[in-house]
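2 protein chains.
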Amino acid sequence: MRENPVIAVDAMGGDFGPSVVVPGAIEASRQHGLHILLVGDTPKVECELEKLNLDNAHYEIVHAADVVHMNEKPSDILRRKKNASIQVACRLVRESAADGVVSAGHSGATVACGMFIMGRLPGVERPALSALLPTEKNPVVVLDAGANVDCRPYHLFQFGLMGDAFARDLLGYSSPRVSLLSIGEEEGKGNSQVKEAYELLKMAQNLNFVGNAEGRDIFGGEVDVVICDGFVGNVVVKMSEGLASSLMRMLKRIFTSGLLPAMGAMLAKNAFKKFAKTIDYAEYGGAPLLGLKGLAIVCHGRSNALAMTNAIRMSGAFVRKDTNARLAETILANEELTRFSRSV
Amino acid sequence: MRENPVIAVDAMGGDFGPSVVVPGAIEASRQHGLHILLVGDTPKVECELEKLNLDNAHYEIVHAADVVHMNEKPSDILRRKKNASIQVACRLVRESAADGVVSAGHSGATVACGMFIMGRLPGVERPALSALLPTEKNPVVVLDAGANVDCRPYHLFQFGLMGDAFARDLLGYSSPRVSLLSIGEEEGKGNSQVKEAYELLKMAQNLNFVGNAEGRDIFGGEVDVVICDGFVGNVVVKMSEGLASSLMRMLKRIFTSGLLPAMGAMLAKNAFKKFAKTIDYAEYGGAPLLGLKGLAIVCHGRSNALAMTNAIRMSGAFVRKDTNARLAETILANEELTRFSRSV
Chain W
1 MRENPVIAVD AMGGDFGPSV VVPGAIEASR QHGLHILLVG DTPKVECELE
51 KLNLDNAHYE IVHAADVVHM NEKPSDILRR KKNASIQVAC RLVRESAADG
101 VVSAGHSGAT VACGMFIMGR LPGVERPALS ALLPTEKNPV VVLDAGANVD
151 CRPYHLFQFG LMGDAFARDL LGYSSPRVSL LSIGEEEGKG NSQVKEAYEL
201 LKMAQNLNFV GNAEGRDIFG GEVDVVICDG FVGNVVVKMS EGLASSLMRM
251 LKRIFTSGLL PAMGAMLAKN AFKKFAKTID YAEYGGAPLL GLKGLAIVCH
301 GRSNALAMTN AIRMSGAFVR KDTNARLAET ILANEELTRF SRSV
Chain G
1 MRENPVIAVD AMGGDFGPSV VVPGAIEASR QHGLHILLVG DTPKVECELE
51 KLNLDNAHYE IVHAADVVHM NEKPSDILRR KKNASIQVAC RLVRESAADG
101 VVSAGHSGAT VACGMFIMGR LPGVERPALS ALLPTEKNPV VVLDAGANVD
151 CRPYHLFQFG LMGDAFARDL LGYSSPRVSL LSIGEEEGKG NSQVKEAYEL
201 LKMAQNLNFV GNAEGRDIFG GEVDVVICDG FVGNVVVKMS EGLASSLMRM
251 LKRIFTSGLL PAMGAMLAKN AFKKFAKTID YAEYGGAPLL GLKGLAIVCH
301 GRSNALAMTN AIRMSGAFVR KDTNARLAET ILANEELTRF SRSV
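Same order as they appear, the protein sequences are chains W and G.
Just so we're aligned, residue 1 is where the first sequence starts under this note's numbering, counting upward by one.
Just so we're aligned, residue 1 is where the second sequence starts under this note's numbering, counting upward by one.
None of these hints come from the bench; they were simulated from the model.
Keep in mind the model is a prediction, meaning the values are calculated, not measured.
Note that the Cβ used here is the ideal one computed from N, Cα and C, for glycine as well.
Hints are not guaranteed to be accurate.
Here are the computed lysine-lysine pairs in the DSS-like style, where the Cα-Cα straight-line distance is at most 27 angstroms [what the hints assert, rightly or not]:
1) G/Lys73 to W/Lys273
2) W/Lys202 to G/Lys73
3) G/Lys274 to W/Lys252
According to the in silico footprint, chain W covers these stretches of chain G (three or more CB under 8 angstroms from chain W) [to be verified]:
4) 210 to 216
5) 232 to 239
6) 286 to 300
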């Protein structure tokens, strides 16, 4: 835990690279008192820095020469691209030169480098990607959002514990309602993986487990944490993004299809903007990979500067609140249950 | 195949029972030349019939005395409620007194009675519930939408074959783009179940397999059939329903939050209605359980009369086009591949 967290930012990541990441990171430093390590190609990073107001910004450049392509396999990047910005950034955390990493680059590579370079917290079986989704009320945490497919029931169990710690510390929910994504509300509904995880979650220490949630419950805001296998979670997150964009496009088409609707849309312009802001992923920053010795936050490839600033701010809060200590505690308190389940 | 299909309608099913099902069924008969067997409690059905215009309607009442409760297990209903309307309806198909069944009742019971009373078409491993979802372009078929959890790869393979036959015959797509729901577009992305199913689908006879689709692709309208495990499919279908309703409620709240937005909403009232109609499940009727000797269509519990009419119309088209013959053909043409995969 540090008063002034040091965040290593993958300056080369994302669809727009340094042109978006560097201003987002500098803004996070200025607004939130964070020390930023800009990891990437020095000349390119410098070129972006020249355009910015750097008053009150604390930063250094850490050079990283290798370039990662989006179609490369995470395992290949891990093995062959020792000087890729994401690898260099994760090593800074391992060597205690930084507290966390934020990247909008290749998400598979960020997950792999986080897991294998930083390593897992003691007792954590599988780190989990934790996505924040907007709902009618407060944001909901969905985990795992894609780091682990083919999960065992005790993995889902630990996702619940980690999601709880995250929702308490970072979202300020006092007793997060933790739910298990299934295909019916009643106990006993679901596939074999979910049914076994249900049994474990019921017995968990210090967890407000509220039972199964169905797909239709996610966006009503009646639960705070939704646990699922990484395959299902990735489908859920991508689908919610896709459906929201599709609905917005359909609405737009209808509102531009005639004079009256067009006038209506003009009058309601600000209301529309407010709505778009509510469902904008940029407001939420990124998805933390929970369970690491340190922290890695995976941002959307399309992230704009605001999304980067928000993700870096979140990583700062994570360090200041020492969320990893809370996470390790709850994992430890439930260690026997995990071990028992793993052995059967 | 009959010119005038006979459809057994579960008159007692759904949140509103005969008051909605009977008028929906009579309308389907009048508009689409179908012969309807109204299966349920005779006095209750008669009471609803008295309120209706029955010109050109062809129907009979088939009495069924048992009442099914929503919290009963499908297996218990199958074993103990021999005179439940859904059981009686499925027996009518088995005895060739009807061609198909439509029910808005207990969906688990409909699936169980369909599978065990009607039985499967030769070669079909698992019948699949096939939901139609609205997209920006044409509706997409998602299957399995919840009849089978814990699927094997060759189950997914057969879902693709059945979805293709359905999309050709019932939706009129000439060469349906069949996709496999996964967490990345490239081959090799997904869990082990999906990766193995991919291999089979690539080798399928007479199938336009276009590879993986991600959650975000479903609603853009770029694919026509989406294959997934019943657990995932059920989450997808319920989530799309929940998210669409949540977004509509959020929009409504924003549009009633001030004078200008409210005036805008008034001007755009018809546009809104058109939008709501586009995403209204009632326009799509119900989800057929494909792969049976006969047909069972599962309707939403909240179905209104229009949804019932549409579902019954769909079952009529299914019979008239003899979709089961097409389905049996494609299953047979791919039998060796299925058998090979099952044996490994």
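Contradicted hints - numbers only:
Failing hints, ascending: 1, 6.
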